[in-house]
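Heads up: the sequence lines are chains A and B, in that order. Numbering-wise, our numbering comes out as the position in the first sequence, counting from 1, plus 111. Numbering-wise, our numbering comes out as the position in the second sequence, counting from 1, plus 410.
Take the hints with a grain of salt, since some may be wrong.
Stated by the list, open to error - Simulated pairs of lysine-lysine, BS3-like, Cα-Cα distance not exceeding 25 Å:
(1) A:239 / B:628
(2) A:187 / A:161
(3) B:629 / A:239
Unchecked claim - Derived list of chain A stretches under chain B, where covered just means 3 residues or more per stretch with a C-beta under 8 Å from a C-beta of chain B:
(4) 178-191
(5) 223-231
Said to hold, decoys possible - Not everything, but these chain A residues come out facing chain B in the computed CB check (under 8 Å):
(6) 124
(7) 127
(8) 203
(9) 205
(10) 207
(11) 215
The set of hints was computed from the structure by calculation and includes no laboratory data. Heads up, the beta-carbon is just placed ideally off N, CA and C, and yes, glycines get one too.
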Amino acid sequence: MSDTPLLQLQNITKTFGSVQALTDVDFEVRAGEVMALVGDNGAGKSTLVKCIAGTHAADSGTIEFEGREVNIHGPKDAARLGIEVVYQDLALCDNLDVVQNMYLGRELNRAQILSEAPMEQHTAETLKSLAVTTIKSIRQTVATLSGGQRQSVAVARAVMWNSKLVVLDEPTAALGVAQTEQVLELVRRLGSQGLGVMLISHNLHDVFETADRITVLRLGRNVGVFERRETTQQAVVEAITAGVPTKVSGVSSAAGAGAEA
Amino acid sequence: MSSAEVVGADKAPPPPLEEEQLSGGIRGVWQRAWLNLRTGNLGAVPIIVGELAVVMIFAFTATNFFTAANFVNLIEQSAGTAMLAYGVVFVLLLGEIDLSIGYLAGIGALVVAELQLPGSKYQMSGLLAMLLAVAVCAAIGGVQGSIVAFVGVPSFVVTLAGFLIWQGVILNTLEQRGTIIIQDRWINYTDLYIFSPFAGWVIAAIFTALYPFSVLYKKIVARGTHIAQQSWTSAILKTVGIGIAAFGTVAICNHAKIIETPEGLPLPAVLVVFFFVVLTFLAKWTTFGRHVYAVGGSAEAARRAGINVPRIRVIVFALSGAMAAIGGIIFAAQVNSVALTFPPGNLLLNAIASAVIGGVSLFGGRGEVRGALLGALLIGTLQNGLNTLSISNGWIYIVTGAVLLAAVTLDTVAVRLQARSGR
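Whole structure, please, built from the sequences with the hints as guidance.
So this is what it looks like as structure tokens:
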């Protein structure tokens with residue numbers, strides 16, 4: 112692990128009208144670690160993800176990627192930096208097959224004509240390399256896959272693009288026990304490959320299974336960063352439900368300003 | 411490639427993909443067909459069977475139906491509908507609807523008729539007039555699409571407004587003037603030009619060759635990779651099928667006579683097949699086509715993947731307008747004029763029904779261009795056959811409606827079967 116964090120957010124503030132979704136939030140992920148982001152509903156987790164993905168622009172604060180300050184104005188900017196986001200609702204097209212989804216929006220082409228052969232070849236290789244072997248055919252539509260398989264496709268798509276940071280938003284929310292284990296295994300494998308992984312989850316069991324460090328947000332503010340080995344689920348639960356913000360700026364109070372993002 | 415390759419190298423090799431397990435040769439073709447049938451993946455089979463059944467029924471009941479001359483007639487009647495239906499396929503693939511195409515076809519015909527009018531100060535060549543008409547309708551479609559894409563008004567409402575507005579424009583223009591006669595030969599050729607018998611054979615050969623060339627191309631690019639390929643047997647069988655259809659069509663047309671005047675392959679048949687090939691290529695081989703399917707499957711997923719969703723929507727509605735204009739010109743050429751009764755009959759609904767009968771889903775993301783061709787052919791045959799039987803218009807509507815219902819019901823059942831079998 113290098114000293115400079117892969118991604119470093121400082122003093123991120125975001126408001127929606129009168130609702131303060133994020134207040135002076137700091138966050139960092141190092142290369143090769145799984146950093147979990149936890150918090151109750153309305154803690155600002157999704158808003159923070161959207162700031163990283165470029166869906167929302169932060170009102171103030173800085174984002175540094177690999178030590179350089181960057182501006183992320185959209186999904187394409189994020190992708191160019193090497194940030195890939197796997198959303199909660201997967202963002203796969205049900206009517207397209209696995210190959211078509213893996214290359215969605217970035218199809219290999221020569222003069223706008225699709226190059227199917229290399230796409231199919233590369234998809235098969237990527238899935239094999241991630242040990243995703245339960246998919247019967249990469250030419251079947253995503254609609255016919257199980258939840259775990261769909262999640263695997265979404266994650267595989269994220270790592271296929273030479274990405275450096277993979278953001279996983281509730282990757283196990285809709286999965287059964289065996290499928291959850293399959294996805295968590297995949298998450299651990301990403302971290303051990305040297306990628307930075309940001310794992311957003313409600314499920315502390317999943318977090319303690321995979322994460323190296325845990326950032327806790329509450330009501331749009333930082334509560335703290337925990338080393339997984341040195342903490343307990345009990346301590347993290349307390350931080351989520353009753354944590355005290357570590358820094359308070361201006362006149363706004365920590366109480367009651369939470370917003371669902 | 412990311413460093414992802416490193417991991418999982420020690421794992422056992424994954425089981426082969428399903429495509430890799432089918433054997434080659436005739437046996438493989440049969441196995442694949444059986445797999446498709448069992449899982450409800452019927453493709454174009456039901457509609458082709460339906461078309462053959464309809465032809466058989468009319469051949470035995472109507473005296474003037476099963477003649478070469480009527481076959482040429484059928485092509486000239488269905489060509490315009492097929493053009494509109496092609497545009498409808500793309501609009502439906504997005505999960506949108508375009509109700510304005512019937513009267514946009516009218517606008518296309520009207521523009522052409524006005525621009526070719528001898529004696530007016532902007533009279534121009536018919537070819538140029540047609541280009542302009544298509545451009546005008548594409549622009550109108552693009553504007554309607556922009557309102558859908560950028561403002562977010564539902565396409566049903568925008569194009570319903572278009573339906574009324576363009577109908578009004580046609581009424582205003584033609585109410586005073588009556589019928590505008592089209593004398594320009596280029597314009598009239600779009601529906602009435604007849605190729606010589608030899609030219610017909612050459613055209614059949616060219617279109618038949620396209621399919622094996624596309625298969626060959628795919629096999630060449632896939633050389634050295636492990637991806638599943640179409641078997642030679644299935645490619646040869648399909649080529650033979652296409653060849654029979656193409657050469658059969660030309661043979662019948664060359665055989666046709668209308669009161670001692672020998673007929674031949676009509677230009678509209680070539681236009682229909684030409685646009686079928688071009689638009690199938692657009693839908694299946696280009697990034698644009700892929701993005702159309704993606705937006706229809708999940709616009710949100712497409713947006714997050716970096717696809718410019720509004721741009722796709724605008725282009726598709728412009729395409730729909732352009733195809734409507736082409737169809738309208740063909741219809742006008744059929745009668746050498748544009749009158750207040752334009753567009754003929756139920757053009758809008760026939761075009762949408764053609765695409766839907768051909769298996770294009772109204773909910774977006776599912777369907778193919780060939781569906782519009784087959785659907786237009788089926789509707790055209792039905793209406794032509796019922797006409798030769800001198801059956802009343804009321805019955806023609808009733809039968810068309812029943813076929814539409816049956817086709818969509820069959821499709822829905824097939825989709826459910828597919829979902830159950832996990833394909």
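Restraint outcome when residue 127 of chain A is required to lie within 8 Å of chain B by C-beta distance: Where the cut-off is 8 Å and the nearest Cβ of chain B is about 19 Å from residue 127 of chain A, the hint is violated.
Given pair status - residue 628 of chain B, residue 239 of chain A, alpha carbons within 25 Å: 24 Å, holds
Pair hint outcome, residue 629 of chain B versus residue 239 of chain A [Cα-Cα no greater than 25 Å]: Between residue 629 of chain B and residue 239 of chain A the Cα gap is close to 23 Å, so the pair holds against 25 Å.
Cut-off 8 Å, beta-carbon criterion: hint that residue 205 of chain A touches chain B: Where the cut-off is 8 Å and the nearest Cβ of chain B is about 6 Å from residue 205 of chain A, the hint holds.
Per-stretch coverage check for the region 223-231 of chain A, three Cβ contacts closer than 8 Å to chain B: With 8 residues close enough to chain B, the hint holds.
Hinted contact residue 207 of chain A with chain B - closest CB pair below 8 Å: 6 Å, holds
Coverage criterion applied to the region 178-191 of chain A (partner chain B; beta-carbon cut 8 Å; 3 residues): It holds: at least three residues are needed, and the region 178-191 of chain A offers 4 whose Cβ sits within less than 8 Å of chain B.
Satisfaction of hint between residue 161 of chain A and residue 187 of chain A, Cα-Cα up to 25 Å: 13 Å, holds
Evaluation of the interface hint that places residue 215 of chain A against chain B, nearest CB under 8 Å: With Cβ-Cβ at 4 Å, under 8 Å, it holds.
Status of the residue 124 of chain A interface restraint (C-beta, 8 Å, chain B): With a minimum Cβ separation of about 24 Å from chain B (threshold 8 Å), the hint on residue 124 of chain A is violated.
Status of the hint placing residue 203 of chain A at chain B (closest C-beta pair under 8 Å): Since chain B brings a Cβ to about 6 Å from residue 203 of chain A, closer than 8 Å, the hint holds.
In the structure shown, a violation is registered for the earlier hints numbered 6 and 7, in ascending order.
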